[in-house]
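Quick note, the sequences are listed as chains A and B, same order. When the letters of the first sequence are read in order and numbered with UniProt numbering, they come out as residues 1 to 362. When the letters of the second sequence are read in order and numbered with UniProt numbering, they come out as residues 1 to 293.
Rough simulated footprint, nothing fancy, chain A against chain B, three-plus residues with beta-carbon under 8 Å:
1. 43-52
2. 67-79
3. 91-97
4. 201-211
5. 263-276
Derived by calculation from the structure, the hints in this document are not laboratory data. Even glycine gets a Cβ: it sits at the ideal position worked out from N, Cα and C.
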Amino acid sequence: MAAPSMAAALAASLPAPSAAPAPATPTYEAIPPSMSTLIDVEAEIPLKYVQLDGLVVSKILKHSCDSTSSSPVGLLLGIDLDGVLEVSNCFALPHHSGDDDDKSAKSVARYQASMLRSLKEVQGDDNVVGFYQASTLGAFFSQNLIDLQALHHEKLRHGGIVVVHDVSQTARGNASFRAFRLTSAFLDAYKKSSFSTASLASHQLTFSSIFEELPLIIHTNPLLSAFLGEFSSVSPDTAPGSASVSALPPSFSVLDLNSGGLTKNLEHIVDTLDTYRNEEGNLAYLSRQIARERAKADNYVAKRKEESAAREDVTRLFKIPPEPSRLESMLLLGQVDAYAKSLAETTSTGLVKMYSATAGSV
Amino acid sequence: MPLGPASSAIHIHPNVSASASAQNGPKTPTSITLHPSALFSILDHYIRRKEDQHRVIGTLLGTRISDTQVHVHTAFAVLHSETSEQVAVDMEYHRSMYELHHKVNPKEVIVGWYSTGNPDLNTYSALIQNFYSQETAPHQAVHVSLDTGVEEGQQPGVRAYCSSPVGVFPKPENCVFVPVPVELRFRDSERSGALPPSPLTDIDILQSTLQNVVSMIDRVLVYVRSVLSGETKGDPAIGRFLMDTLGASTDDLELEKGGFNTRLQDTLMISYLANLVRAQAEVSSRLALVGAS
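Using the sequences and the hints, build the whole thing.
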């Protein structure tokens with residue numbers, strides 16, 4: 001579905017035939033060799049990195065701050081060119097308090113279609129390349145995100161990407177954006193929807209191998225850079241007495257010694273650990289049940305064998321429950337790890353700040 | 001925080017006399033703030049314009065804090081065409097786009113419109129302003145005119161206007177655009193997104209901030225030395241500010257003496273805990289794999 005429009009977009013971006021003799025007879029020129037490697041209809045050039053436009057950054061930031069939902073989601077638009085996925089625009093998706101899943105999914109699809117149509121009319125990009133999601137403290141492992149990404153994987157070129165924005169990191173003055181894709185091992189297990197222990201072992205899946213991270217750079221177009229440069233510059237010859245003329249004064253919030261949010265971060269870890277323990281309890285209970293039922297069945301078979309008449313279907317007599325999915329517990333571990341990681345990072349910065357604050361006085 | 005070159009325009013002040021505001025109904029906006037994402041959208045729209053388009057226009061969405069303050073949060077492009085004889089704005093497009101935005105963020109309403117390029121105001125501006133005034137009634141529509149600065153001799157900048165009818169018999173194509181001060185405004189947490197960053201670590205940001213502080217101290221030092229040597233006349237106000245800043249001693253900081261060690265222990269403890277949790281999580285996930293065999 002995405003491929004033909006992609007090809008058209010690529011064709012449009014090519015330089016027009018320069019020396020066409022007469023407009024009546026169109027001449028078809030060969031694609032210049034410098035561009036021929038970029039023509040990639042089948043999405044064969046692997047993605048090297050993701051390039052996020054300044055507009056996208058500010059839109060995601062705004063949406064994450066404004067949104068009432070805990071994890072705001074939006075779509076990323078752009079194009080992939082010679083291994084670089086250029087994300088040039090995005091829009092927010094309406095948030096539905098999911099009482100009616102089917103209905104809300106339909107209305108989101110309708111919203112998406114009409115937004116794309118509208119953007120196309122004003123020469124905007126209308127090629128979906130992935131989606132973004134805001135998270136707190138680096139913990140983004142959720143069933144929703146994985147479902148959406150797996151859905152995108154089938155529809156989009158290169159399987160689509162997800163850009164995760166960390167709200168709490170940004171609040172500390174460091175806008176954090178990371179780009180991810182699902183690994184092929186995980187997708188394989190997901191398609192078979194088997195997350196039993198055996199399947200996990202054969203795919204070598206842990207929480208750290210669900211996603212693969214793509215390098216991400218932020219790009220501002222020259223016009224925007226010029227504009228921002230104009231606003232954030234203070235002319236050096238300004239006397240100290242005159243008021244700062246910059247429209248973007250520098251911030252010193254990172255110098256704040258109280259690296260706030262530690263308590264919150266700890267709480268998150270403890271909460272997630274609790275949930276994880278519950279989930280583990282469930283899993284253990286289920287595995288015990290499976291073992292019990294299986295033992296019963298085995299006994300029965302053994303007995304029947306003794307009577308040498310094991311003709312009956314054993315599975316019909318004993319309901320051995322299917323092996324529980326370990327996906328949820330794996331995701332929870334991922335959450336715990338992410339929370340702990342951001343905690344470790346905060347404390348290490350905190351230590352540096354503490355020592356530098358006392359450097360003069362000791 | 002002025003956005004753009006200094007101007008000598010006289011702005012309306014909010015304390016207009018009671019009688020004037022009573023007969024005019026809603027007051028005229030006296031200050032406009034612009035969110036970076038709206039600014040970025042406008043610039044993006046300008047870059048994507050067709051070759052024969054001299055300027056692009058679009059709708060501004062935002063909130064009205066009070067009668068006189070307008071916050072512009074979002075901007076979206078609207079189709080329009082201008083020839084020497086006529087101007088056309090695709091209202092249908094504008095309405096449907098507004099509906100879409102309204103679904104995501106119901107708090108934002110139409111507050112006005114933007115345009116880019118030179119000349120920033122003409123007869124058509126008045127007509128478009130008239131159309132948007134109907135959309136924003138009973139409030140006044142604001143017009144944000146953005147100079148991209150791509151033409152030589154042009155300073156990039158943003159100007160904002162509200163309008164008032166002029167003439168004995170007010171006609172839609174006649175109006176006076178009154179300049180309104182405009183500022184770039186964003187939440188503190190959005191600052192890092194307003195400046196073009198590359199993904200950095202916390203330590204990098206700390207370093208650049210400290211360098212910033214050092215350069216500021218250098219600037220102050222140069223000034224103080226020149227005052228001491230009698231080259232420049234000291235400004236008492238600056239002296240006061242400097243005394244206040246330097247007088248803020250670190251004595252009351254909890255880091256002093258015992259506070260430092262306690263804090264250090266706490267931080268280290270949390271750091272160990274965090275790393276321990278990570279190690280446990282890793283071990284646990286590996287164990288889940290081993291369990292099968």
